[in-house]
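Visitor: Now for the letters of each chain:
Number of protein chains: 2
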Amino acid sequence: MAVYTEVSFEDLEVFLAGYDLGAPLSFKGIAEGVENSNYYLQTERGSFILTLYEKRVHADDLPFFLGLLEHLAARGIACPLPVRSRAGAQSAHLNGRPAALLTFLNGLSLRRPETAHCAAAGAALAALHAAGRDFTIARPNALGIAGWSPLATQCAPRADTVQDGLAALIKTSLADLAARWPRDLPAGVIHADLFPDNVLFMNGAVSGLIDFYFACNDSYAYDLAVMLNAWCFEGDGAYNITKGKSLISAYRKQRDLSAAEIDALPALAAGAALRFLLTRLYDWLNHDPTALVRPKDPRDFAKRLRFHRTVRSASEYGL
Amino acid sequence: MAVYTEVSFEDLEVFLAGYDLGAPLSFKGIAEGVENSNYYLQTERGSFILTLYEKRVHADDLPFFLGLLEHLAARGIACPLPVRSRAGAQSAHLNGRPAALLTFLNGLSLRRPETAHCAAAGAALAALHAAGRDFTIARPNALGIAGWSPLATQCAPRADTVQDGLAALIKTSLADLAARWPRDLPAGVIHADLFPDNVLFMNGAVSGLIDFYFACNDSYAYDLAVMLNAWCFEGDGAYNITKGKSLISAYRKQRDLSAAEIDALPALAAGAALRFLLTRLYDWLNHDPTALVRPKDPRDFAKRLRFHRTVRSASEYGL
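Chains as they are written, first to last, in my numbering: chain F, -2 to 316; chain L, -2 to 316.
Bound-form chain F, shown alone:
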């Protein structure tokens, strides 16, 4: 939530000479994104986001991320579209960082989405899955089940300083999920982080999906399980079955779930809760106090994980 790499007007001018966007009218650092530097840029041709990729996004992954956005936009998904340079490049270098210019989307993200918003977001996820089907580049899910153990090992010694019993919860959940993790579910490109922050609304309708920097190949139902965690819990940590039903039904109107996906949903939801618990816990424990980002409280996802571990069938989510 900050600007890590400064870009002066003079740097910008040199950079923009490579693009066909006219003269700049406005340029402001914005407080957004997962450890990237983002600038809002207005030029004679429109509004854009200039992103400088910091440590969390690897330059090698940019052809996947930026190619995916081009692919999705061409299929009608409202997502940022990379602006190609005069030379046809999707990305460039600026002040020592890989950088890309993306179209700016109007709309606002919600802090407290209501039931109708959950339905709209569920439908948007199904449309995203359909549009990504024939995308040809693949990227494994670095934060899938294989990535959880190393994170857990690093967090274990200090986990209980954050909350009593957290280390045991993580250990038991990992073992349990390793035993019952579903394989061979329908899979393809997933967003993997479709939280309310990453869905823009206008007049109650979805106007854009953003922040695709965790996108990867994994099971579609896992993406839905991430959304159940992100959209359907109340501030007090209780699952709201009305929101869950609404999100899942809207998704199924476009892509129905197989029996195997439905059976797997409790495990997938627990796995998704564990993934966000682990990354937040890691960031919490390894937070550099001089960094410009405040880490998120991992305990919200410990609570979700405990809930999912009590769920016996997908009907408890509102199916």
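Derived by calculation from the structure, the hints in this document are not laboratory data.
We put the CB at the ideal spot given by N, CA and C, even for glycine.
Be aware that one or more of the hints could be misleading.
Partner residues are not named here, just some residues of chain F that face chain L (Cβ under 7 Å, in silico) [to be verified]: (1) Val0; (2) Ser5; (3) Phe6; (4) Leu107.
Below, simulated DSSO-like cross-link-like pairs (lysine-lysine); rule was C-alpha separation at most 27 Å, straight line [unchecked claim]: (5) F:Lys25 with L:Lys25; (6) F:Lys25 with L:Lys242; (7) L:Lys52 with F:Lys25; (8) F:Lys52 with L:Lys293; (9) F:Lys293 with L:Lys242; (10) F:Lys293 with L:Lys25; (11) F:Lys52 with L:Lys25.
Go by the hints and put chain L onto chain F.
Guide: Okay, now just chain L, sitting in the frame of chain F:
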């Protein structure tokens, strides 16, 4: 350079109900401003900055700051204009903070202004001084000469940890300036912080002056001295007399300097350097490492101060 107070879309909706700006189209935290929280807001009626005033700006001063902007804008100065609520209020409260909506200005600030930019900025300062002449609210300069001693006292014990000899430089300069500080120069409303960050340019011309939160009543020539410090030194710390001449001449075309002002210029320039040295040093020494702002290096202004102390007459600035 960060957002301190979060504003959700839901908070924004409630807030905007008090204004006649139509529906919001976009809303992003921006990395700008001196310890305020700033959001870029687009609505059906245009583009705005929503500012939540944090600890450095006192609510009692808002009628001065916001009234001044209205006053200046009405006299043709390109500055942000406070948007009044339906009830006619210039400011309101949002999430526990005083807040105001201001019009958004196009343009970009320069990191390395050239001679022509210095002239344009000098002319803009003269226009600002003229337009503020009949503004009726007054605000003393809290960071004028009377404010420097307390800051110096607080910084003195640790000043030399930042640079050898800094405590002595500050002590000598303070005593020296107390003895020769000019009184009774032409005075009125000054910006007091017109650094390149606070001047927007478009196609080489000034398109806006921003960040009036240090504005106050003080001598006009002091404002010019602040600009000599802020615009006319090179990256290596050397004074660029061509830029100085250009800035001062452009200013004098609109408001000529009296003999007393010209005589006072070396003292005023040293005082302005001391003011920024002291506030930066204070912030450097008292920086909270968990804060979202990185303090600026005070040593640049120690170097400027040392230069001004060698200046014998205003001709050395390019008059």
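Visitor: Look at each hint and say if it fits the structure.
Guide: Outcome of the hint check:
1. Val0: holds, 5 Å
2. Ser5: OK, holds: Ser5 (chain F) within 7 Å of chain L, min 3 Å.
3. Phe6: With Cβ-Cβ at 4 Å, under 7 Å, it holds.
4. Leu107: Holds, because the Cβ-Cβ distance from Leu107 (chain F) to chain L comes to roughly 5 Å (cut-off 7 Å).
5. F:Lys25 with L:Lys25: Judged against 27 Å, a Cα distance of about 10 Å means the pair holds.
6. F:Lys25 with L:Lys242: Since the Cα atoms of Lys25 (chain F) and Lys242 (chain L) sit roughly 31 Å apart, the hinted pair is violated (cutoff 27 Å).
7. L:Lys52 with F:Lys25: Since the Cα atoms of Lys52 (chain L) and Lys25 (chain F) sit roughly 23 Å apart, the hinted pair holds (cutoff 27 Å).
8. F:Lys52 with L:Lys293: holds, 24 Å
9. F:Lys293 with L:Lys242: violated, 52 Å
10. F:Lys293 with L:Lys25: This hinted pair holds, its Cα atoms lying about 19 Å apart.
11. F:Lys52 with L:Lys25: Given pair Lys52 (chain F), Lys25 (chain L) holds - Cα atoms ~23 Å apart, limit 27 Å.
In the structure shown, a violation is registered for the earlier hints numbered 6 and 9, in ascending order.
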